[in-house]
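Asks: Given the structure of chain B, go ahead and fit chain X onto it with the hints provided.
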Amino acid sequence: MSYAQPHPRFSVLSSSSLSSADHTYVQSPTAASSTTRFSLPSVNTTPVSTTPKPPGARPSIYDRPLNKTRTAEVSASAFAFLFSEVVQYTQKRVAGINDLERRLNTLGYRIGTRVLELMVWRTESTSKAPKREIRFLQALMSIHTQVWRTCFGKPADGLEKSVENDDEYMIVDNDPPITRNISVPRDLSSLSCSSFTAGIVEAVLDGLGFPARVTAHNTPTSQYPGRTVILIKVEKSVLEREEALK
Amino acid sequence: MAIFGLWVINKAGGLVYQRNFAEGLAQLTSNEYLVLAGTLHGIHAITARLSPTGSSSGAQVIEGESFKLTILLTATGTKFVLLTSLTEMTADTVLQKVYEAYADAVMKNPFHTPEMPIRSEGFDTRITALIGSGQSS
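The listed protein sequences derive, respectively, from chains B and X.
In terms of UniProt numbering, the first sequence has 233 at position 233, counting the first letter as 1, and numbering is strictly consecutive.
In terms of UniProt numbering, the second sequence has 97 at position 97, counting the first letter as 1, and numbering is strictly consecutive.
Derived from the structure by calculation, the hints contain no laboratory data.
Just so it is clear, the structure is predicted and the values come from calculations on it, not from any experiment.
Heads up, the beta-carbon is just placed ideally off N, CA and C, and yes, glycines get one too.
Hints are not guaranteed to be accurate.
Restraint ranges, calculated between C-beta atoms of paired labels, are given here [what the hints assert, rightly or not]:
#, chain 1, residue 1, chain 2, residue 2, range
1, X, Met116, B, Ser189, 41 to 49 angstroms
2, X, Leu50, B, Glu73, 31 to 39 angstroms
3, B, Ser190, X, Thr125, 33 to 41 angstroms
Short, incomplete list of chain B residues facing chain X, as computed with Cβ under 10 angstroms [what the hints assert, rightly or not]:
#, residue
4, Glu85
5, Thr90
6, Val94
7, Asn98
For reference, chain B alone in the conformation it holds in the complex:
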């Protein structure tokens, strides 16, 4: 396998966001001139405080303890506006629905890799017997419950196995929070913005060692107009390994 090309998943990574913030502290001009112009140091120099942080500044997000934010929540409205912009931004740069869904999936994938890492780190530091899911069904259950709870604050509403194809599994969410305010116009009716969620699921499965192709589909019912199915099509190798592990 050649790695000449960067992995397509990370093609949206921009280098501009990595620029470091420089903090330069300008000395007060009077203090500087008073010491260089005159040979005698002035008598009443007040000690200049050189604390680098302004008062009341919080430590950066990288310095805060990860476990403290375990139960922290973000504003659903703020996220809805952000996600709306994400969809608009993406829509301007694609040719069709498939392309749009693929890009949303890619963005979700980048979230998923981090979600998995964070969840593993947190269980490792709190649970006495942290364990890694090695069986596929258990991994699916943990996505259905734990990942959903981490991302959306509630478990998903259903986990089903396809009756037609035995390599297909479905996670059902009756009212996905991220698409709650989105009304897809008729000419795009097959578009599901939950492709973003599908990307998260795909990344978590990939990270656990269950490569799969994950897509999102609208399946509205009269009771739940926003009902969405996350369809997971696992690779053959995974099923073969499951057989061997039995």
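Replies: Chain X only, in chain B's frame:
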């Protein structure tokens, strides 16, 4: 006690949403609605400048012999107008809830273009749940 209709007027005076909920209103074409909304926008601008005691938010209620027109002006200049019967007391609270539905189902919807007519299924559903069904035009 009845709510006849709801208009949403954008900050430039264009009618971006119009829906009737009860019989009794004069039947108008969509073009006539556009003209009336533009006129109301102008009247509102006049009332906002007429205040004798400094700045004013403009007309809030306009009453006729048989109906009442309640206007909610938002911070962004969008106006929500509710046409009700004279005895309807809930117009203000209904308008606040319409504003809330607008913020949720219209402004957070990536497929809505600001200042353009509202074609969002979610908004229709929320308004139906709030005021009741009716013929949408």
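Asks: It remains to establish, for every hint, whether it holds in the given structure.
Replies: Hints, verified against the model:
At about 20 angstroms, the CB distance of Met116 (chain X) to Ser189 (chain B) disagrees with the hint of 41 to 49 angstroms. In this structure the hint that Leu50 (chain X) and Glu73 (chain B) lie 31 to 39 angstroms apart at CB is violated, the actual value being about 47 angstroms. For Ser190 (chain B) and Thr125 (chain X), the hinted distance range of 33 to 41 angstroms is not satisfied, since their beta carbons lie about 20 angstroms from each other. Annotation: interface hint on Glu85 (chain B) holds; nearest CB of chain X at approximately 7 angstroms, less than 10 angstroms.
Restraint check, Thr90 (chain B) versus chain X: the minimum CB separation of about 9 angstroms is within 10 angstroms; hint holds. Annotation: interface hint on Val94 (chain B) violated; nearest CB of chain X at approximately 13 angstroms, more than 10 angstroms. Checking Asn98 (chain B) against chain X by beta carbon gives a least distance of about 17 angstroms; that is not within 10 angstroms, so the hint is violated.
Of the numbered hints stated above, those contradicted by the structure are hints 1, 2, 3, 6, 7, listed in ascending order.
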